[in-house]
Amino acid sequence: MTRSPKSHWFEVALLLYPQTFRARFGDGMRAAFCDQVATRRTERGTVAAFSLALRSILSTALHGIVERRAQWRASRSARTRTALGRHLRQDVFFACRMMRRQPAVTVLCIASLAIGIGASAAAFSLVDASLIRALPLPSPDRLVVAMETVKGTSSQVSFENLRDWQRMAKGFDALSAFRGQTVNVTGLATPGRIRGGFVSSTFFAVAGVTPAMGRPLVPADDEPGAPPVVVINHWLWQGLFGSAPDILQRTVSLNNVSFSIVGVMPSSFVFPIDGADAWIPVRFYPGTLTRGSRQLIGIGRLASHTSIAAAQSELDGVMASLVREHPDANKDRGARVTSMHSWLSSGGRDQLRMVFALAIVLLGAACANVGSLQIGATLKRRQEIGIRVALGAGRSRIIRQLITEHLLLAAIAGAIGLAIARVLVPYVTASPLPIFGLSRVAVDARVVTFIAGVTALAGLLSGCVPAFHWAGHTPVDHMRGANRATGDRRLTRMRVLLVAGQVGMAALLLVTTVFLVKSAVATAAIHPGFDGARVQTLEYRLPANKYSDRRQQILFHEAVVARAAATPGVKLAAVGRGLPLSGNGDNAGIRVEGMSPTEDPRPTWFNTVSDNYFRALGIPLIEGRTFDERDGPEAPLVTVVSHTFATRVWPGQSAVGREFEVAGYPVKPRVIGVVGDVRQYRLVDDVAPAFYARLQQNPGIFNTLIVQTTGDPALVQPSLRRAVWDVDPDQPLWKERSLQSLVDVGLAESRYLSGALAILAGGAVLLVIAGLYGVVSQSVAARTREIGIRMVFGADRGTVLREVLRGGLRMTVGGLIPGLVAAVLVSRWMQGYVYGSSPLDALPYAAAAGALVVIALAACYVPARTATTVDPASAIRD
Amino acid sequence: MTSTRDPRSLLPLTPVAFEILLTVSDGDCHGYQIMQAVDSRTDGAIVLHPGTLYRALARLLDASLIEELTAEQQRPADDDERRRYYRLTKFGREVLTAEAERLARQVREARARRLVRS
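Going down the list, the protein sequences come from chains V and Z. The first sequence begins at 319 in this note's numbering and counts up one residue at a time. The second sequence begins at 426 in this note's numbering and counts up one residue at a time.
To be clear, the hints were calculated from the coordinates, so they are not data collected in a lab. We put the beta carbon where it would ideally sit given N, CA and C, even for glycine. Among these hints, one or two may not hold up.
Sample of chain V residues at the chain Z side, in silico, Cβ under 7 Å [said to hold, decoys possible]:
| no. | residue |
| --- | --- |
| 1 | F343 |
| 2 | M347 |
| 3 | A349 |
| 4 | D353 |
If you want the ones that stay clear, here's a sample from chain V, every Cβ over 12 Å from chain Z, calculated [what the hints assert, rightly or not]:
| no. | residue |
| --- | --- |
| 5 | G526 |
| 6 | V746 |
| 7 | Y1070 |
Bound conformation, chain V alone (with noise of 0.2 Å):
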């Protein structure tokens, strides 16, 4: 076949394309052209067919360079992959060599990540799980608590209040009242005690959650003569009822009142506030429905779009508007809208965020180490590298492969680090902090991520240096510096300060631990003000509608009494409404001589008690007598006031046979005895004036009995029960516990914090050992020559010994100082958890200043002796 001239511009386009395709497709096109061409010339003439034949070339020519482009960049991504595979198994490779080669230095390395990465996790996975990860509700941004105020403090809401704030705020999508409280469970086999939800009918709206069986409560459950209604937990579905599906037939006994159970909630419903197995309209909590009754939480979700600012504002203009309405009832108040999460979390807070920050300094810690550990082992790899260099490693390629060495180290330190955080999970969860969301601490994805990324992030940050330095020389740097004695100047200062800054960081563990720990020490010195071994407790909540009666109530409190103090192996036998450190308590606004009648009445801790509470307690009597038979219900008005109280209110006069007035009592009681100050919230608290009433005198539904037992407490735990039992076998009785188990409690906070930071201290203290005994043996290794030179002329060994020490010496100060100065500025933040110590006190920072100096020294010695050994003649022939 001849080629007209069209064929040979058709061959020029066809060279456009990469070879294998022409080749491969060349012929093809070729026909194909010829084809169309000469078709076209029969078909329309030579002019169509020359216009055809154009077209055709031009198209083929475009797709030419488009095949071209599209073919080298497949060849070049192949390419690429395949270098940079190789380049990885290689440098893994070598990695995997150099760590073997100096096993000592990787073993400290990966030791001082994994102990920065371990512990960094497991307080991660506390602040996670309390701070950062969402509440396990529907739109849970959009969930807040809404208070009341009086003059600026929090303070719980009235029930009337928060109706109108429901009928007149707009912002929300529901807002609803929220009244945790244990209520008895009776009808069953053992009467027992729930925690129960007293909620208004809303809040299964402000949940954003319906029941799985049944219903939720609806407005006209909360209607006044509406029969009780009652909705369960799944768990309580499961536990109490046997999974009985029948459950929307059957009826529950809830503090003697009988309540149709309307829903089962699903077994994923978790309510963050005070988890409630069962939610009981709110209308059945005594005392919540006046304006003036302030027992409530308000909780609310914001209308969509609405934002917690503008809930705010709305709810002061309501609130406003109340006060003006209602000024008796509302004066000096306001309103405080609140994200559910953060005012959940906000107990402890400080503490977490403090551990948190602490375990990162570590983790920081580590990283100096390793980088210091690295530097001068790659000091010794001058050489090796400088070969590689001149062979043509580029410079990327050095960086790559020492942070591909780092990479690897790290990441087998953080696998351990993982293990380590498992392993300190359980700890974290054990902790006595009110912190919110312990149950959901746990080794999850989110903290492998987290301890994925640390691994990332302290490999490249330890690598780096090292990295860097080395590739920013050239072969014959590299090849001329490597037998030099000392190594690179700038690079031996720069380990210099890792080290200094790991000193740093570990004076301020240190300190920061020194001082919870003191706080721990003078926290167990306090005393209590009662003596707590021996003494057995259990408490009891009468039913309101079968004890009204308060006489009633007080034959129930006594024959109790009487039984538990004829049980075997009981010496004593009480009753009080508030038992130290258990968090029950009333307090009583009282007046005394000279306050002026405008001053508000001064809130004081009131106790309502029988007469061997004080014996059985060993609250020691100061002055006059404690109560007895002689104050019975109808004699007159008598009171114990506590030493505090006596003191405060009569400084240098004696109490008994004064009066003072109580606010809400008509007769005003007078004093018949002084007893010792008792701790009763905390133990960390200051004693808090306090007074007392006779139970014949102020009888109540709760109560606390309380036995002093002649040899172990727990043995008359079942005697105990029964003698409330032979009473009432319907009454529910919870919390038995021994009175030492909640002064155990009340140390536990400070103990922990400071076992916590003792932990995190422990570890930098490690670490300093490692850096500082790395490095000054690395120095001692390096200067053999020097130091042999020096004594051929006559140093003797006690001077290398003691100039040793003093370099090793003088990076622990130069790191102490900025350390100690970072710690003054931790220690005023740590001020409100921490007992009997001020930011200023010395000794925190003395302690941790002398330990340090110790401890480096004694990391110094064993190379310092080293250097002592050295032989002059073979260092100098070396």
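Based on these hints, arrange chain Z on the given structure of chain V.
What follows is chain Z alone, placed relative to chain V:
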């Protein structure tokens, strides 16, 4: 080649690829036959030049939707030896069917909205 690949993984096909597969589904064709068939079927809406056609054929061959016939396989005795003949593979037929069904579904939807005159 029978493949365990899901034919739907290659959808949607380009209009050119669909037209080529449709053409070779009638029987073995060489390049110019395909160009002619597509031109006449689409009333000139899709005009294939050799560059367009062979780049598309290369992709279809790589994806095993068509295969090239070897010299020993049947071809006319007086044929231009430069011509290459192509045949639809089993997998190619599955892909073509899946694409046709996909297009049919689209047309049904369009028809339901009275966008296509029946």
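Each hint tested on the structure:
1. F343: Holds - the Cβ of F343(V) comes within 7 Å of chain Z, reaching about 4 Å at its closest.
2. M347: Hint holds; M347(V) Cβ to chain Z Cβ min 4 Å, cut 7 Å.
3. A349: holds, 4 Å
4. D353: holds, 4 Å
5. G526: holds, 37 Å
6. V746: With a cut-off of 12 Å, V746(V) remains clear of chain Z, as the shortest Cβ separation is near 47 Å.
7. Y1070: Per Cβ check, Y1070(V) is outside 12 Å of chain Z; nearest 57 Å; holds.
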